[in-house]
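Enquirer: One letter stands for each residue in the lines below.
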Amino acid sequence: MYGLTAKAMKILIVEDEKALQQSIMQYLNTAGFQCESADNFRQALHLLDETDYDAIVLDIMLPDGDGLSLLKILKEDKKQEGVIVVSARGDVDDRILGLKLGADDYLSKPFHMAELAARLHAIIRRKQFQGMNELKAGEICVNLEGREVYVNGLPVNLTRKEYDLLLFFLANKNRVISRQALAEHLCQDHQEWFDDFDLVYAHVKNLKKKLADRGCTDCIKSVYGIGYRFIC
Amino acid sequence: MHLLTRSTRTYVIYASIMMLVAIPLCYLLIHYLFIQDADEWLLHEKDMVVQQVQQHQFDFSVSHAPGWQTNVMIKPIQHPHEIRSDQFYTEYVRNPLNHEQVPYRVLSSVIASNGNYYQVLIRISLIDSEDLIQSLVLTIGMLWALLFIGWIMLSRIQSRRLWRPFYHTLEQLKQFQLNQHHALQLPEQETIQEFRELNQTLNHLTAHIVTTYQHEKEFTENMAHEMQTPLSIIQSQIDCLLQDKYLNAAHAEQLQHIHQAVRRLSRISKSLLLLTRIEHHQFEEIADIEFSGLIQKNLLLIEPLIEARGLQLHYQVYACPVVRMHPFLADVLISNLLSNAVRHNIESGDIKIDLMSDILCIRNTGIAQPLEDDLFNRYRTRSHPEQGNGLGLSIVREICRTSGMHIHYHYAAPWHVFELHFQPVRIEDRITSQMVQE
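Going down the list, the sequences are from chains A and B. Numbering follows the numbering used here, with no gaps: position 64 of the first sequence is 64. Numbering follows the numbering used here, with no gaps: position 319 of the second sequence is 319.
Isolated chain B (complex conformation) (with noise of 0.2 Å):
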């Protein structure tokens, strides 16, 4: 819900539950003081009755017919125990012209004359007044619609205009890449504090964040070029120390021990490193490569490997594939896929590699149970050093991050499954059908 909405609906429900309650109690209000001020009317008029027929003067002959021509009707009666005091009522009345109901306001009294009662009953129509309150009431809740409809877009206006300063930043903020290594520049001289503050405060902290980051890809970089050179110098020596003629069994062994230790390390630091460039999105050079060429490339290197193990190896090529990536990244994305489930397999075990228009699905036999969700995380196969650094498939995860690609890991007994999940590039839309170099 926006800010603007949510200020807004506030409003608009205080002002609905005013306008319900306040209308109906305001025609209440209205009502009774009409019905007053009509008693009063007819009290008056009873007295001037009540004069009247005191002194004889009043015309019975118009008063006391049925049918009511006039406003007053006089009849005598009987029994004095009827007698009550003034009682007021109202009541419909059909006017035969137009069959309207009318309301009118009565007044019932007895009145005594020369030992004579009279009863009296004095009438006044309340159709204006009715009239005139329904006037007023709708007067009413209009200007009162009006006033809230006014209120409420005042406040939106205001609100916007004010909320301005923040939406801009808000958008900066969603627009901040750490790859693009600059901070925010937002404007510091917005009038209200807590925007400049807020804008100073995010300012700062986005340029702390992107010297940060340059420095870790920098100590990255750094570790792993200058930690080669040492390296290649153990290396160059353990070469030379191989071809000593006076080289022992034990001797070799250890040599050999020391070799495979720089190795390790010296990749270790590299896949660090690409894992590092990759984050940083430091491959944006792309081609379209042809995935079925890709697998068959690296498919002739570990052909080999995969008869040794007696492993099975089922291709299926459904569609030619072409995806839009770095070159690099796609052959060492196919060849880490490839390479887990050879690695991971078992003596005289299968391979299934399914090719789809979008979807790449290897499958391979392995261990009898699914792996660890956090199988894409780093050094997760800390317990198998000699397979490899552990950086594979997190590396794979990386790639698929950078590319607009997707991998997910199920197992389906006997399968450990694979799926790479990519967006083809269409025929027409193809650059240069690159392949990858070797």
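Just chain A, same shape as in the assembly (with noise of 0.2 Å):
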């Protein structure tokens, strides 16, 4: 598992989508996630007022207000809370706002659960485990600081793309992540080659070559025709 301590991180999803929040929170509570749910401004300011969370996933656009103006609050109370802003306007100034604001990380909607885990470990890692920079998962032990892979104390020498995708199954530790996740996540803004999946083939068979080559052969299991599943 992740973290200094076995306590389960605690999510805050602000989102007035019904059906969107369950299946987030349907989908990070078996990822190890503790998570409660907002579907307005109002209740958002009122269980931040309550409880510390580790997350908060904020949706923009809320009925009864501007999720950017829940931004402002949170960081005029010096709150901790990392802030992954989701909206449905996927513009490059809508992001720069936001991130501006003193959000710390902005999806744009739709988004794959699998994306929304990583960034969330993405965060949380930065905001809370300073000096503890190792994440294990099996044989495998990453050095966060060093950006540096160990498999059995054997180095692995991975280009970024690879360690990206390292970081991304391990968020999404035994979970089927599909290939289009990957090809998103892997591509980032470049969506002309998001429906390229040998560009994912690619990575993941050179990751997995080089995984296997110090010993760790089972963990990328191929599921279906979906995608991919991280064993360990």
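Some hints could be false.
Straight-line distance between alpha carbons at most 27 Å, and here's what the computed BS3-like set of lysine-lysine pairs gives [unchecked claim]: (1) B:K245 with A:K173; (2) A:K221 with B:K75; (3) A:K209 with B:K297; (4) A:K10 with A:K79; (5) A:K210 with B:K297; (6) A:K18 with B:K245; (7) B:K270 with A:K100.
Listed next, the stretches of chain B that the computed footprint assigns to chain A, with coverage defined by at least 3 CB atoms under 8 Å from CB atoms of chain A [stated by the list, open to error]: (8) 243-256; (9) 306-314.
Rather than coming from a laboratory, the hints here were simulated on the basis of the structure. Using N, Cα and C, we set each Cβ at its ideal position, and we do this for glycine too.
Since each chain comes alone in its own frame, lean on the hints to assemble the complex.
Expert: Written out as structure tokens, the structure reads:
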């Protein structure tokens, strides 16, 4: 498992679309997070007063207020929660505005649950684990500060993309990750590559091979025609 | 040709023809009148001579000597059969003083007196009248020329004043830009009805265009945004379903198809939104982009793919140009072009990238025939929907258009060549050498 302690990380999901809210909660709960949800601005403020969260998933457009104003309030109160802003407006300007107001990350709808999980992990790592920067999963050990990976104590030389990919897998351990999710994670803004699963195959194949060379053979498994599952 | 030049030209041609025709005509007419006058005077002289001869008063001593000391010359003749009626003609006589040819009008006649016959020649110098005619014609010509010039200038001045509102409207129309989002504000108080109506119509028309343009933009934006939330609900449900341990392969495949369709829908709407935003010049922020770094960054992503497909990449950097444009658009531009070169390549094909000081040339092997001319148009490659959404190259073209670049395609077997021509920023003009954020 991730983290310093065995305590599950607490996440607040502020999202007015009930169905989306529910499936985010379902996915994150089974991924080892402890989630609570708010449908609107007021409810979110109320919950934030009562509880300290590790991270917040914040929809910008809420029925009774702008998600960005909630973000401002959080920052004025010097709250330590990491915030991922989620918006249906995937504009560059919105992203920049969100990040300027102090959001830690930005996701435009529609997003993959695996991506959300990976980003939440990344934020919480940044916020909480200063000094403690090792990530262990089975035979694999990742030194987050030095961006180094060891398998059974032996260093694995990964490219930046392969390293990203490994962290993505680690954040979604034992979950089925679709090829699309991987493709979009790999390519980030370059959406012309999103349909190119060969790109995913190529990167995953290289990563698999490098891990296998150090004796970690079966950690990345193909699942039907859907994608992969990282097992450890 | 300018409106003024055109109307003036007609006048000038008319005036020139008139001058060319009328001045000789005028000369001939005046000349004819003078000759008539001279002939009448000569006849009158002859009558005087005849009278003097018949009354034996004529002094032959002064008039019969050759050399024309006087203007009358009479000499006796023997043969009456030479008698002819009066004859007029013009002859030129050399003036012994200044050797000039002097025109004379001459009357030649035969008269009878007391059974004797005389030939009479009477002449009158035309030199004064010639001079007079010339001065007259010159004066008339100059008057006419002045008249014409004045007329043309007046009409030019008046036309210019008359058309001034029109030129003003034209200038405003030239400066009209849709993406500035405001209609023309042309004066509607013109005194001339046509111009007033023209301005009113244009004001109305541009207002309408701006509104329509705005609506189209809003529609695309709303459409793109509103679609994302329902899509993300579908997406999240699929992600959860994929985790279901009772999921079988058949269901997984179906889910996969739904999944792909959702992503495609989302992407098409985002691409369209991007296109619309580029067209509406909503990417105003500029930075100095180093192309070589940008290309390197994009190549890093696709290197494993190039390897997996057995493609040979030849990347040559001949210069390190810096281009001023929106960083995001630069990224989209480069990655679209590279993606195009990889995606439409063949197994074990080649990609050649040459970066020069003002040209980026990307060549790739592919199908052995040139692409159609409309390759930069939207939704061209409908036959291969899995290969991108058919908007990539039209986005490339739009970006070029708004960033002052040009993209050319040609086929030189076996290469499909895409040439991007850009205007590099000179070293001394560079602002912060900003790299595109990853």
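Enquirer: The structure should be examined with respect to each hint, and the outcome stated for every one.
Expert: Okay, the hints, checked on the actual structure:
no.	hint	in the structure
1	B:K245 with A:K173	holds, 15 Å
2	A:K221 with B:K75	violated, 145 Å
3	A:K209 with B:K297	holds, 24 Å
4	A:K10 with A:K79	holds, 14 Å
5	A:K210 with B:K297	holds, 22 Å
6	A:K18 with B:K245	holds, 24 Å
7	B:K270 with A:K100	holds, 23 Å
8	243-256	holds (count 6)
9	306-314	holds (count 3)
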